[in-house]
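K.L.:
The residues making up each chain are set out below.
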Amino acid sequence: MAPVPLQAALGPALDFLDLAGIAVFALSGALLAAEKKQTLVTFFFFAVITGVGGGTVRDLLIGAPVFWVHENVTLLICFAAAIAAWLAPAGLWQGKALLWFDAAGLAAYSAFGAAKGLAFGLAPLPAFGMGVITGCVGGIIRDVLAGEPSILLRSELYVTAAAVSAALLVGLTLAGLPGGAAGLIAALLGFALRGGAIWRGWALPTYGR
Amino acid sequence: MAPVPLQAALGPALDFLDLAGIAVFALSGALLAAEKKQTLVTFFFFAVITGVGGGTVRDLLIGAPVFWVHENVTLLICFAAAIAAWLAPAGLWQGKALLWFDAAGLAAYSAFGAAKGLAFGLAPLPAFGMGVITGCVGGIIRDVLAGEPSILLRSELYVTAAAVSAALLVGLTLAGLPGGAAGLIAALLGFALRGGAIWRGWALPTYGR
Amino acid sequence: MAPVPLQAALGPALDFLDLAGIAVFALSGALLAAEKKQTLVTFFFFAVITGVGGGTVRDLLIGAPVFWVHENVTLLICFAAAIAAWLAPAGLWQGKALLWFDAAGLAAYSAFGAAKGLAFGLAPLPAFGMGVITGCVGGIIRDVLAGEPSILLRSELYVTAAAVSAALLVGLTLAGLPGGAAGLIAALLGFALRGGAIWRGWALPTYGR
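Sequence lines, in order, name chains A, B and C.
Position 189 of the first sequence, counting from 1, maps to 189 under my numbering, and the rest follow consecutively.
Position 195 of the second sequence, counting from 1, maps to 195 under my numbering, and the rest follow consecutively.
Position 94 of the third sequence, counting from 1, maps to 94 under my numbering, and the rest follow consecutively.
There could be a bad hint or two in this list.
Lysine to any residue pairs mimicking SDA-like chemistry, simulated, CA-CA at most 20 Å apart [to be verified]:
#	chain 1	residue 1	chain 2	residue 2
1	A	K37	C	K36
2	A	K37	C	Y207
3	B	K37	A	K36
4	C	K36	B	I151
5	B	K96	B	I198
6	A	K36	C	K37
7	B	K37	A	A203
8	A	K37	C	R154
9	A	K37	C	K37
10	B	K37	A	R154
11	A	K36	C	K36
12	C	K36	A	G147
13	B	K96	B	G208
14	C	K37	B	W202
15	A	K37	C	I151
16	B	K36	B	I151
17	B	K37	A	K37
18	A	K36	C	E148
19	C	K36	B	L204
20	B	K36	A	E156
21	B	K37	A	E148
22	B	K37	A	P205
23	C	K37	B	P149
24	B	K36	A	A203
25	C	K36	B	R154
26	C	K36	B	G208
27	C	K37	B	L153
28	B	K36	A	T206
29	B	K36	A	A181
30	C	K37	B	T206
31	C	K37	B	K37
32	C	K36	B	L153
33	C	K37	B	R154
34	C	K36	B	K96
35	A	K37	C	L153
Coverage of chain C stretches by chain A, computed from C-beta distances (three or more under 8 Å per stretch; other residues unrestricted) [unchecked claim]:
#	segment
36	52-64
37	143-157
None of these hints come from the bench; they were simulated from the model.
Even for Gly, the Cβ is constructed at its ideal location relative to N, Cα and C.
Please construct the entire structure, taking both the sequences and the accompanying hints into account.
P.N.:
Okay, structure coming up:
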């Protein structure tokens, strides 16, 4: 189990991905607030919940200190995302640009969450679960609070992409791959899968009985 | 306070009940995914949330390590329940069989959760609360995520049965009964009450002003 | 950072505010159960969730022992609030009396939550966040469980009042004010703001593009 090498190898890239992931997730929360014609305070609230929700639940479950409570930068990023969503011209966020950023955040976060699970000594399946939770739970809480149908209930590939990233990270790490390589492969394949869903509408079959 | 004797006395029976409880709760989550025509990935997600949700919230509240993160078996059971729900002929789960399994899980889990609360040194009322939470919260999260009216909002006896099991476990333990006896009596009476709701439609009066 | 002086200075006043805050929040939960024609068991459940929800999430996030699990009194207050809501003549809670109590609870709790965050060594922004969470999250969970549109989605000042109390507590404490003074000023101004919303309908502008 080599999550420490993962961090060492990716180093600044991982730190950047981490903050970029928080930013795009926070932005997606704030944009939902915009869609629902909310106040700036609600923009803030949704940005924070979406940006840090998944990682927060992961940290609680694995017994880690919650990652954003001992520094200001994480909340600052969420607040900046909320203000950007509030000020930007309405057209800017339309189209698919945000979906692609979100896909990058989803894939990187799912790999990162699974690696953190292994680093805290979790068994492989729960570590995989932490990856999925890190990638998806912020968006799920956002949808529940907004009264929107959750991403959970869409057949479009989303949770599946998170699951692929998380499973690859765990599998490749257990197979002895260095953490950096495992992280890159896991994130890239999850991203490709989610990309197929955005670009081509890839979806899973639904239960049809 | 004798939750350790409870475990010692019930021993393998308790272990079996524990795993069986996870399985029926996970199955009820997966069946809701089937009802809503979801994908297999959503079956997994709902099975896990419903199977481990209540115990997870309990463990976080009492400061215990979350029970399923250091082993694979709990998630394996949830995944197996999801696959069973996906593959089984649609008629198999209809009728009331599942409700009776769920009633057994509810009663056993509520007693077990209250006993775990006492074992962690909680005061009697919060320990009672942990029993109710262990029995009910997984189903509540499942319903919220699915956009269904929660079991909380039905007058049919459900939370009440959990409360009776939890209260009896705490009361009988404090009265000095050995843990095994307290656990059995608590679970059986809770099960009987929930059984009355399934079989006879027992319900509480609603607020009528 | 002087949250201990806050507690020392306010002393019994703070203890009283704490229990009164739990009581009014619990009452607001039970009254929603009444509005929805629920059973007494659901009254209990909603009273507890609303009364302790915000502080519970705060304690989990900052790594504090959850405040209500080692004593009976908190749950007793919630249960008493539920019974009071069940037994009282329907007219008693109508009008704005409850809103004013709730405003007092909101302001005091937001200041208290931020002070507890500082006392646990949090950075200023997360400590501010803990204040908002302590004041608002119980009500948010209550609304989600009841299937009501959340206070988050109303433009009326509510979360904003909590944010003002929390921000003032953190800012004044960092500026060196003694804890008692910071707590009083923070709670009074948050209360005034929320009062303006109740009395005059003060609201924030909503996103209008």
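K.L.:
Within 20 Å, alpha carbon to alpha carbon, are K36 (chain B) and T206 (chain A)?
P.N.:
Holds, because 9 Å separates the two Cα atoms, which is no more than 20 Å.
K.L.:
CA of K37 (chain C) to CA of W202 (chain B), is that 20 Å or under?
P.N.:
holds, 17 Å
K.L.:
Below or equal to 20 Å on CA atoms is what counts here, so check K37 (chain A) against Y207 (chain C).
P.N.:
The given pair, whose Cα atoms are some 5 Å apart, holds under the 20 Å limit.
K.L.:
With the threshold set at 20 Å, check whether the alpha-carbon distance from K36 (chain A) to K36 (chain C) stays at or below it.
P.N.:
With a Cα-Cα distance of about 26 Å, the restraint between K36 (chain A) and K36 (chain C) is violated, given a limit of 20 Å.
K.L.:
Given the hint that K37 (chain C) pairs with K37 (chain B), test it: the Cα-Cα distance must not exceed 20 Å.
P.N.:
violated, 31 Å
K.L.:
Given the hinted pair K37 (chain B) and R154 (chain A), is their Cα-Cα distance within 20 Å?
P.N.:
holds, 10 Å
K.L.:
Please work out if K37 (chain C) and T206 (chain B) have their alpha carbons no farther apart than 20 Å.
P.N.:
This hinted pair holds, its Cα atoms lying about 6 Å apart.
K.L.:
Take a quick look at whether K36 (chain A) and K37 (chain C) sit within 20 Å of each other, Cα to Cα.
P.N.:
violated, 29 Å
K.L.:
What's the verdict on K36 (chain B) and A203 (chain A), does the C-alpha distance respect the 20 Å limit or exceed it?
P.N.:
holds, 16 Å
K.L.:
Holds or violated: are the alpha carbons of K36 (chain C) and L204 (chain B) at most 20 Å from each other?
P.N.:
Roughly 14 Å separates the two Cα atoms, so the pair holds.
K.L.:
State whether the coverage of the segment 143-157 of chain C by chain A holds or is violated, taking the criterion as 3 or more residues with Cβ-Cβ distances under 8 Å.
P.N.:
holds (count 6)
K.L.:
Take the C-alpha atoms of K37 (chain A) and L153 (chain C), compute the straight-line distance between them, and say whether it is at most 20 Å.
P.N.:
holds, 9 Å
Consistency with the previously given hints fails for numbers 1, 3, 6, 9, 11, 13, 17, 29, 31, 34, ordered from lowest to highest.
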